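Trainee: Go ahead and model the full structure; you've got the sequences and the hints to work with.
Number of protein chains: 2
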Amino acid sequence: MSNLRTVSVEWQGNLRFRGGPAESPSLLIDGDVKDAPGPMHTLLVAAAACSGSDIVTILEKSRVDLRKLAMEVRGERAADHPRRYISIQFVITIAGDGLDETKARRAADLSLTKYCSVLQSLNPDIPVTYELKLES
Amino acid sequence: MSNLRTVSVEWQGNLRFRGGPAESPSLLIDGDVKDAPGPMHTLLVAAAACSGSDIVTILEKSRVDLRKLAMEVRGERAADHPRRYISIQFVITIAGDGLDETKARRAADLSLTKYCSVLQSLNPDIPVTYELKLES
Chain A
1322 MSNLRTVSVE
1332 WQGNLRFRGG
1342 PAESPSLLID
1352 GDVKDAPGPM
1362 HTLLVAAAAC
1372 SGSDIVTILE
1382 KSRVDLRKLA
1392 MEVRGERAAD
1402 HPRRYISIQF
1412 VITIAGDGLD
1422 ETKARRAADL
1432 SLTKYCSVLQ
1442 SLNPDIPVTY
1452 ELKLES
Chain B
1322 MSNLRTVSVE
1332 WQGNLRFRGG
1342 PAESPSLLID
1352 GDVKDAPGPM
1362 HTLLVAAAAC
1372 SGSDIVTILE
1382 KSRVDLRKLA
1392 MEVRGERAAD
1402 HPRRYISIQF
1412 VITIAGDGLD
1422 ETKARRAADL
1432 SLTKYCSVLQ
1442 SLNPDIPVTY
1452 ELKLES
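One line per chain: the protein sequences are A and B, in this order.
Each residue of the first sequence is one higher than the last, beginning at 1322 in my numbering.
Each residue of the second sequence is one higher than the last, beginning at 1322 in my numbering.
What the hints contain is simulated information worked out from the structure, not anything from laboratory work.
Remember, it's a predicted structure, so these values are computed and weren't measured experimentally.
Hints may be right or wrong, so weigh each one.
The list cannot tell twin chains apart, which means a pair is met if one copy fits it or any two copies do.
[As the list claims (entries may be wrong)] DSS-like mimics (lysine-lysine), calculated; alpha carbons at most 30 angstroms apart, straight line:
| id | residue 1 | residue 2 |
| --- | --- | --- |
| 1 | K1389 | K1355 |
| 2 | K1435 | K1355 |
| 3 | K1454 | K1435 |
| 4 | K1382 | K1355 |
| 5 | K1454 | K1424 |
| 6 | K1424 | K1382 |
Mentor: Dropping the structure here:
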């Protein structure tokens, strides 16, 4: 797989932008958070999809038959401009056959601290923490 | 506006995830880049929408009547895992009444180096560069 990722993004009026790679349908992002998530929300959704993909992959290799994976992600922004993120917290809810706390925690740890390319692209001074909820 | 941003993200099978804030429609992200952009593409789209929103706002204040704003964003990933971004390049195409190179360059500079909250949340060792194209 190439080391380059390319997206094309077009302004759609107001603070709306539509874009994505050539290979897939595009995303709408709305800075006014009316028609779509805003850019800072979208960063959190990207981080969740990235770490979620890792968790799905790791648990499959651990012979877990995953039924549910839900993540709530909260980002705290600096009070002053440019109001970047200063901390990010995940609440991860997982259910699956063959799942136990050890497997779930290992998958979450590996994903959030090592594997997730989106989180690894963020400023390393942003603490990323998580809380784990196992459902039966 | 609150300093917290919160999104809820649900796994949709394979490597697909759907999520967003409570206030807007959600986004689909697909780690297989079939049904939607992947997480690393989505990070670039978020960066473009963020800096694009700044550019739109700055140019409006400079009395430019914007007709077009298109951005191509290329991110180079590290060869080794976790394959984070190591450089990001924007190609920004702008057209509008009252636009000149000075105004366009000032808006792009301010946005990419100072204002954009998504870019400011990235690792500061990732160089972000841009090329500007003015259309009449």
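Trainee: State for each hint whether it applies.
Mentor: Hints, verified against the model:
For the homomeric pair K1389 and K1355, the shortest alpha-carbon distances inside one copy (28 angstroms) and between copies (21 angstroms) are both at most 30 angstroms. Taking identical chains as interchangeable, the C-alpha atoms of K1435 and K1355 lie at most 30 angstroms apart only when they sit on different chains, with a minimum of 25 angstroms there against 34 angstroms within one chain. Taking the closest pair of Cα atoms, K1454 and K1435 come within 30 angstroms of each other only inside a single copy of the chain (21 angstroms); across copies the shortest separation is 38 angstroms, beyond that limit. For the homomeric pair K1382 and K1355, the shortest alpha-carbon distance between copies (23 angstroms) is at most 30 angstroms, but the shortest distance inside one copy (39 angstroms) is not.
Proximity of K1454 and K1424 under a CA criterion of 30 angstroms is satisfied intra-copy only: 13 angstroms inside one chain copy versus 51 angstroms between copies. Taking the closest pair of Cα atoms, K1424 and K1382 come within 30 angstroms of each other only inside a single copy of the chain (10 angstroms); across copies the shortest separation is 54 angstroms, beyond that limit.
When each numbered hint is compared with the structure, no violation occurs for any of them.
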